[in-house]
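2 protein chains.
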Amino acid sequence: MVDLNEMGQKAKAAERVLGIAGEQQKNKALSLIAQGIYEQVDTVLKANEKDIETARQMGIAETMIDRLRLDEERVKAIARAVLDIMRLPDPIGEIEWGRTMENGMTIRKVTVPLGVIGMIYESRPNVTVDAASLCLKAGNTVILRGGKEAIHSNTAFANIMRQAIQKAELPADCVQLITDTTRESSTALMQLTDYLDVLIPRGGAGLIKAVVANSKVPVIETGTGNCHVYVDQFADLQMAARIVDNAKTSRPSVCNACESLLVHESVADTFLPMVKQLLDRSNVEIRGCEQTKAILGDCVVAATDADYATEFLDYVISVKVVDSIEEAIDHITQYSSGHSECIVTENLPNAEKFLNEVDAAAVYVNASTRFTDGGVFGFGAEIGISTQKVHARGPMGLKQLTSVKYIIVGNGQVR
Amino acid sequence: MVDLNEMGQKAKAAERVLGIAGEQQKNKALSLIAQGIYEQVDTVLKANEKDIETARQMGIAETMIDRLRLDEERVKAIARAVLDIMRLPDPIGEIEWGRTMENGMTIRKVTVPLGVIGMIYESRPNVTVDAASLCLKAGNTVILRGGKEAIHSNTAFANIMRQAIQKAELPADCVQLITDTTRESSTALMQLTDYLDVLIPRGGAGLIKAVVANSKVPVIETGTGNCHVYVDQFADLQMAARIVDNAKTSRPSVCNACESLLVHESVADTFLPMVKQLLDRSNVEIRGCEQTKAILGDCVVAATDADYATEFLDYVISVKVVDSIEEAIDHITQYSSGHSECIVTENLPNAEKFLNEVDAAAVYVNASTRFTDGGVFGFGAEIGISTQKVHARGPMGLKQLTSVKYIIVGNGQVR
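From first to last, the protein sequence lines are chains A and B.
To convert a position in the first sequence, counted from 1, into this note's numbering, add 10.
To convert a position in the second sequence, counted from 1, into this note's numbering, add 10.
Calculated from the structure, these hints are not laboratory results.
Note that this is a predicted model, so its numbers are computed, not measured.
Hints are not guaranteed to be accurate.
Identical copies carry no separate label here, and so any pair may be met within one copy or between two of them.
Lysine-lysine pairs mimicking DSSO-like chemistry, simulated, CA-CA at most 27 Å apart [said to hold, decoys possible]:
hint : residue 1 : residue 2
1    : Lys60     : Lys226
2    : Lys20     : Lys363
3    : Lys86     : Lys158
4    : Lys56     : Lys286
5    : Lys363    : Lys409
6    : Lys363    : Lys38
7    : Lys363    : Lys119
8    : Lys56     : Lys226
9    : Lys22     : Lys56
10   : Lys303    : Lys60
11   : Lys363    : Lys177
12   : Lys363    : Lys22
13   : Lys219    : Lys38
14   : Lys303    : Lys177
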């Protein structure tokens, strides 16, 4: 049994200092983190080399190893991202609302840090620095539990960050990394209710599901995106083809990529061959319903229910011909993960109906689902994209890493 | 094993209708609910009579039975509260933020219902109507699981509400009551992740703790209030005594009542006898530290650590003499449930220090903790007071029963 109570206590003690630290001091720590990463690129690359070697010895696939791999340019990009976070406005101490009450008391609603955040994530080592920097900027201390494949890289980054934070005269324990990467340590983190205010998992659907099922700490679900594009009978078909192609092929491995195409039957004959021509350029595999097969021929694999429920994260798309916008919305309601959904149409009532009735973090008319992103939305950076409705929905920036406190000042009022 | 999947499906199906219903239709349903309760007062009272009888037969204490008991006036007050909720502004469809992006797309952040809400609560039958009405006004369907002591009253209320909702041409399943009041049904509700967006427990510390420990659905913790008043060395002692007396005795059974008094040692000799004089009028039992005993004498019971951690909800107060504001803040940090905390002082730096460093939903200077309340804060009504930091903190009104959706409209933009 892994005991994380001591880490929890340290995180909470550090939070009492960090939570009330000013903008300048937090920025100083972030600036020193970036500087430390620049200065210790070699240390990071050596640690990363060990991770890569271990991964090779364990026979891990090259695509996975590529996610792990850092080079000088990548490390410097990670440092630059820290400076970008530093330059964002401090989300803490904002008076969101206030008034003087009838009895003369004043009340203010002020943003405060969430507190102690747990992060469970998979292989990419940049998450270690990204997540810790966002937490720090919002006054939160963090306990990181990264994947075992990246343990050497993560440890190198954590050491650099802790040194930098201490140099800025904040407690090093603002950032802690769990170096035990057994399943037990991740379970222990999910039970750390006395110390953690929230747990944010970041990774594949399997990880997210396991954390949601097992955590006793409040969880913010992120990232699973079974995103649909519905091509309406009133669509501009050229536009629709461009949007589907972009949403599917511009970066298939990300959560805002399109996984499923729904086409109104009255335009399917014309549209499906058009979109296939674009998708063929990227060798996208099409898994379609009977009608799709009838129109596009034998190149189409028969789609199963499981296909409609799958986030492929690959050059694969499921396709279904529907007889109405209602059927499209029903299908989306059944299979959507609540991430990003799109209708392509020139018809205003249909656009409004879709926007109204589809329940997802982001709903689009005539634009690619690929835009769902904290940077694009203007939040500066994101710690993940929430697909739940409690606390935060959609891209989570600094603001979503805060809570509030009511401050009431009186002169003896009683009730 | 209780199977709530069918209820979950019905709640979700009803939510697809209620979630996009307009303000007028929701208000019509609420108006008909109030009317139905007025018209069927007798039915409600007969049902309540059965609950009271059963409670008597089971030998339940009279104070508990009083919580259960309805009379004509109480039932009418419940109906009036529904009309108050009806008159609040609709929290759904508000555009919280929006902009036109560089590429010409428009983005809007719009408030939407949370979705399907589970409520687990104890004896008071008014919660059945209050909670359901708040959920309905914010476009949420609700599955209610009340205590077994109130099952007949709750069933009568639920029937009236379902009839009214149907008359307003909304699905009756917007409000569902679990009539099985075994522990199994409450466990099943906590596992209903496919259908529930959030679970809100309302009741004593034991209930809240059990739900937080066992729920797989996101929970919003409410109501536990181990609230402190700290009387600083720079306090106006007359004011301090009035505030402590009000916070302790005006309604000891509620969560914003004061449970613990901290007094700076330099004023303890003068202040403790002063405050005791006021508390004596309500026969408040004092459990104090050694110094408190030395000052007030043998009437003081020796306080244990458990006393400092206890929400008495009764005419009992724990008292500790501290040597500094720092010791007061440390004590509060250790024992507070994060509800409401107060400092009485005329010293500005100490007031600011306390406001800054004490981590609670509401922090007071020179006013009674009893003011922490959705009605007092101007939210119109409240479904509970959140003591967690995720999603909502402090009194939860209609706004806290909403989520958001991003709506993006373009004309063919791709990334």
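To see whether the hints hold, each was checked on the structure:
1. Proximity of Lys60 to Lys226 under the C-alpha cut-off of 27 Å is found in neither arrangement, the shortest distances being 34 Å within a copy and 38 Å between copies.
2. Taking the shortest Cα distances, Lys20 and Lys363 sit within 27 Å of each other only across copies (22 Å), while inside one copy they are farther apart (51 Å).
3. In the homo-oligomer, the alpha carbons of Lys86 and Lys158 lie at most 27 Å apart inside one protomer (23 Å), although the nearest pairing across protomers, at 62 Å, exceeds that limit.
4. Taking the shortest alpha-carbon separations for Lys56 and Lys286, neither the intra-copy value of 45 Å nor the inter-copy value of 68 Å comes in at or below 27 Å.
5. With identical chains, the CA atoms of Lys363 and Lys409 are at most 27 Å apart between copies only, with a shortest distance of 24 Å across copies and 30 Å within one.
6. Taking the closest pair of Cα atoms, Lys363 and Lys38 come within 27 Å of each other only across two copies (23 Å); inside a single copy the shortest separation is 49 Å, beyond that limit.
7. Proximity of Lys363 to Lys119 under the C-alpha cut-off of 27 Å is restricted to the inter-copy arrangement: shortest distance 17 Å between copies versus 36 Å within a copy.
8. In the homo-oligomer, the alpha carbons of Lys56 and Lys226 never lie at most 27 Å apart, since the shortest distance is 37 Å inside one protomer and 41 Å across protomers.
9. In the homo-oligomer, the alpha carbons of Lys22 and Lys56 never lie at most 27 Å apart, since the shortest distance is 32 Å inside one protomer and 53 Å across protomers.
10. Taking CA atoms no more than 27 Å apart as the test, Lys303 paired with Lys60 passes in neither setting, with 48 Å inside one copy and 64 Å between copies.
11. For the homomeric pair Lys363 and Lys177, the shortest alpha-carbon distance between copies (25 Å) is at most 27 Å, but the shortest distance inside one copy (55 Å) is not.
12. In this homomeric assembly, Lys363 and Lys22 come within 27 Å of each other (Cα to Cα) only across copies, at 18 Å, whereas the closest approach inside a single copy is 47 Å.
13. In the homo-oligomer, the alpha carbons of Lys219 and Lys38 never lie at most 27 Å apart, since the shortest distance is 37 Å inside one protomer and 40 Å across protomers.
14. In this homomeric assembly, Lys303 and Lys177 never come within 27 Å of each other (Cα to Cα): the closest approach is 64 Å inside a single copy and 47 Å across copies.
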